[in-house]
Amino acid sequence: MANTFQLEIIATDRVFFRGECEHLVITAIDGLLGIMAGHEPLVTVLPTGELKYMVDGKWLYAAISEGFIQVMPDKAIILADSCELPEEIDIKRAEEARQRAEELMKQKQSIKEYYQTQAALNRAINRLKVSQKHFK
Amino acid sequence: MPNMREIRERIASIQQILKITNAMYLMSSSKLKKARKSLDATEPYFYKLQETIESVLEHTPHTRQAYFDRRTNIPEEKRKKGYIVITADKGLCGSYNHNILKYAEQKLAEAADIDNCYLFVMGQVGRMYFQRRMRNNKKASVDGEFLYTTQNPTLYRAMEIAQTVLKKFENHELDEVYLLYTDMVNSNLQEPRTVQLLPFQRKHMGKASDGTMKKLPKASFVPSPEKVMEFLIPQYAKGIIYGAMVEAFCCEQQSRMTAMDAATTSARDMIKDLSLLYNRARQAAITQEITEVVGGANSLEE
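Protein chains in written order, with the numbering used here: chain A, 1 to 136; chain B, 1 to 302.
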């Protein structure tokens with residue numbers, strides 16, 4: 001049994017995961033970041049992206065949108081807007097959201113609207129990516 | 001003795017009202033169930049967010065990040081204060097609106113200069129209230145473009161609100177931002193509460209209980225403390241606003257349900273009292289009629 005640490009992933013609408021975890025890999029702003037037990041204290045930002053964590057020797061994947069992580073030697077807390085398992089993702093809805101966002105990107109928008117649409121597009125693409133990669 | 005017909009009409013009208021209040025009771029209780037569910041789902045996030053941010057700040061080295069800027073060079077009476085007030089969209093919910101508005105009023109009275117207070121009101125009732133107040137020349141301007149409903153809170157709406165106030169803070173249009181909402185202590189007790197959103201405050205300032213600086217391990221921030229904070233604070237503001245919205249919406253439904261339940265009960269009581277009165281009047285009318293008939297018959301006999 002490998003060394004474990006307490007991992008909490010909390011989304012705004014539910015507690016996504018709470019338990020012991022052996023290895024966590026997150027997508028931070030500047031690339032992938034692996035975390036194991038005894039990691040130095042760290043705080044970083046998580047953009048919309050993919051996440052994987054190992055429980056009992058098995059990798060679990062999730063799609064996450066905007067959040068942050070606090071890492072302590074014995075625990076890690078992820079707080080995010082939303083977090084989903086690949087099998088929970090509604091491909092149809094994500095596809096629709098992507099098309100809608102792409103359509104909006106082509107139109108003239110204010111800067112604020114542009115950023116919001118861009119974020120929506122990122123979320124949709126990320127959902128599709130995670131779901132296609134890990135759930136077939 | 002009141003007229004029988006009058007009593008009958010009153011009973012009928014109360015029955016109509018009873019139907020309405022009862023329907024509203026049922027509606028708000030089903031809405032409450034939904035609001036409760038989303039509150040239960042959000043609460044862990046809400047509390048964990050506050051807790052985590054606090055502990056993150058303990059480990060944060062001093063930063064010159066804009067959101068921490070307390071702008072101490074601006075004197076108290078010149079500080080522009082923003083208040084986000086969460087009220088209901090509709091009335092008929094007991095003292096819910098009244099309480100939060102009174103609380104906001106109190107906060108405004110505490111402010112050094114009411115002309116420098118800016119209100120961001122969510123919910124029709126509150127907006128109407130403050131706009132009427134503004135017309136009566138009691139200043140504290142209401143942002144007319146700030147139109148958000150409190151029905152069914154969404155993260156997206158919270159994000160827009162957070163962006164609006166953060167932007168105003170950055171542009172020095174506001175120096176302090178507070179969030180006023182109703183907190184659900186338990187299902188019977190609701191309390192208006194204030195949270196200071198900006199400037200971002202550190203509670204502990206790294207001091208232990210005996211006043212000495214706590215030796216906290218400095219956490220490393222990737223890519224840099226400033227960058228992280230730049231992202232973290234809008235995220236935090238969004239989370240807090242969303243949490244407050246969910247909490248307030250749940251409170252609104254709760255107090256509407258209680259108010260409508262009370263209204264239904266008292267309508268039933270009134271109907272009971274009035275039917276008694278009606279029966280008494282009817283009885284009196286019959287008795288009188290009998291007396292008259294008997295009197296008439298007796299006079300014939302004589």
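Because the hints were derived from the structure by calculation, they are not lab data. From the three backbone atoms N, C-alpha and C, an ideal C-beta is built for every residue, glycine too. Check the hints yourself; a few may be wrong.
What the hints assert, rightly or not - To give a feel for the contact side, a few chain A residues facing chain B, derived at Cβ under 7 Å: (1) 3; (2) 6; (3) 10; (4) 31; (5) 37; (6) 45; (7) 77; (8) 79; (9) 81; (10) 84; (11) 85; (12) 104.
Taking the hints in turn, this is what the structure says about them:
no., hint, result
1, 3, "violated, 20 Å"
2, 6, "violated, 13 Å"
3, 10, "holds, 5 Å"
4, 31, "violated, 10 Å"
5, 37, "violated, 16 Å"
6, 45, "holds, 4 Å"
7, 77, "holds, 6 Å"
8, 79, "holds, 6 Å"
9, 81, "holds, 6 Å"
10, 84, "violated, 14 Å"
11, 85, "violated, 16 Å"
12, 104, "violated, 14 Å"
Hint violations for this structure: numbers 1, 2, 4, 5, 10, 11 and 12, all remaining hints satisfied.
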